[in-house]
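Trainee: So the sequences go chain by chain: A and B. Quick note on the numbering used here: the first sequence kicks off at 12 and runs consecutively. Quick note on the numbering used here: the second sequence kicks off at 2 and runs consecutively.
Mixed in with the good hints, there may be bad ones.
What the hints assert, rightly or not - Pairs of lysine-lysine, DSBU-like flavour, derived with a Cα cap of 35 Å: (1) B:37 <-> A:39; (2) B:81 <-> A:131; (3) A:33 <-> B:55; (4) B:156 <-> A:50; (5) B:47 <-> B:156; (6) A:87 <-> B:156.
These are computed hints drawn from the structure, not numbers from a lab. As the structure is a prediction and not an experimental result, all values here were calculated from the model.
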Amino acid sequence: MLNYVWLALMIIALVVGAINGKLTEVTKAAFDMAETSVKIAFGLIGIMALWLGIIKIAEESGLVNILAKALKPISKRLFPDIPPDHPAIAAILLNLSANWLGLSNAATPLGLKAMDELQKLNDKKDTASNAMVTFLAMNTAAITLIPATIIGVRISLNSQNPQEIIGATIFAGVCATITAILAAKILEKLPVFLPAQPGRKELQTADVEKGQEGK
Amino acid sequence: MSAANVFSEVMRVISNLAIPLILFLIIGFGFFKKVKIYEAFVEGAKGGFEVAIKIIPFLVAILVAIGMFRASGAMDFFVKIISPLTNLIGMPAEALPVALMRPLSGSGSLGLVTEIMKTHGPDSFLGRLVSTMYGSTETTFYVLAVYFGSVGIKKTRHAVAAGLLADAAGLLAALFICKLIF
Chain A
12 MLNYVWLALM IIALVVGAIN GKLTEVTKAA FDMAETSVKI AFGLIGIMAL WLGIIKIAEE
72 SGLVNILAKA LKPISKRLFP DIPPDHPAIA AILLNLSANW LGLSNAATPL GLKAMDELQK
132 LNDKKDTASN AMVTFLAMNT AAITLIPATI IGVRISLNSQ NPQEIIGATI FAGVCATITA
192 ILAAKILEKL PVFLPAQPGR KELQTADVEK GQEGK
Chain B
2 MSAANVFSEV MRVISNLAIP LILFLIIGFG FFKKVKIYEA FVEGAKGGFE VAIKIIPFLV
62 AILVAIGMFR ASGAMDFFVK IISPLTNLIG MPAEALPVAL MRPLSGSGSL GLVTEIMKTH
122 GPDSFLGRLV STMYGSTETT FYVLAVYFGS VGIKKTRHAV AAGLLADAAG LLAALFICKL
182 IF
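Only chain A is shown next, with the shape it has when bound in the complex (with noise of 0.2 Å):
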């Protein structure tokens, strides 16, 4: 699917970009956001290092085993085909809550080290598993109890209570959490159940090559 929007963006900004006369800016922003890019990756690789670091002592001290036992009855439900004392299990717990304390800098190297222990789980290593999906869908609804950014940004527009929409956002939050799962659980079982929707094609492939790999 991400094939079909990429392709979509590309060709409505060239598009729409030509009629609004306005192709000199698309191509500079072209240059820039590769340039951008590089600039966000190499900025990730201390912070990535330091957290992996971290993660590698509590591995070996055990204390991720006894993380994910310890959230076994909602891993199970949440993610049935991780064994349930899987190191993933809590990566993901660690990045989920990275995100709801608005630790972005934990966050983002924690939820990276979920995905690779996600991908050893994985036998199709160019597709994503449900696991995966489950998982990003729910980084992507991301639940914030102190959305930090905008605060500071109310505080400096002069607002009389920067802190008022704190519980509208939980509340937003959660109502996206409830639905990227669903979402995910339900999209991951009925691919034929998107007939007008540009994944269709994409989800039916890997079903039939799943289901090749089943025989």
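Given the coordinates of chain A, work out where chain B should sit on it, guided by the hints.
Mentor: What follows is chain B alone, placed relative to chain A:
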């Protein structure tokens, strides 16, 4: 002090303490279990560079496409098409670009939110609404690119659909709750 302020103060303390506490627990437990802490850390940390390099092509693909889309002015066009629909559910026309931009670009949507709050005031209904919208979902496409990219996944199956459905639910829930309480 209102309930929201107390809550936010408590959360701030927790957020500030969370990382030192986690570090202390992990390192302390490792020491207790006689793990060779320094060696384990260095061994694990080796992976950092590799992961960062691995996500570059995915990040370039997604961010370039989104950057071009934004620069082309296509967003205005989409707002025009979708606004009759969102008017029906009482979504203010000014908030619609924020809703559409949120899954695509974190900095882009933050810019829009800031602009709206500058014009209408942070304590207006619109200001509160866009603040809630911004705070209640993540930048879906960025997350998908980075997370899938880090393990080399190219076929993302239902991830985009599930992510966008969750975004839509979050944005609609933000509209609903803001109408209710503000």
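Trainee: Next step is simple, just say for each hint if it's right about the structure.
Mentor: Hints and how they fare:
1. B:37 <-> A:39: violated (50 Å)
2. B:81 <-> A:131: violated (45 Å)
3. A:33 <-> B:55: holds (32 Å)
4. B:156 <-> A:50: Distance of about 25 Å is within 35 Å: holds.
5. B:47 <-> B:156: Answer holds: residue 47 of chain B to residue 156 of chain B is near 27 Å, not above 35 Å.
6. A:87 <-> B:156: holds (25 Å)
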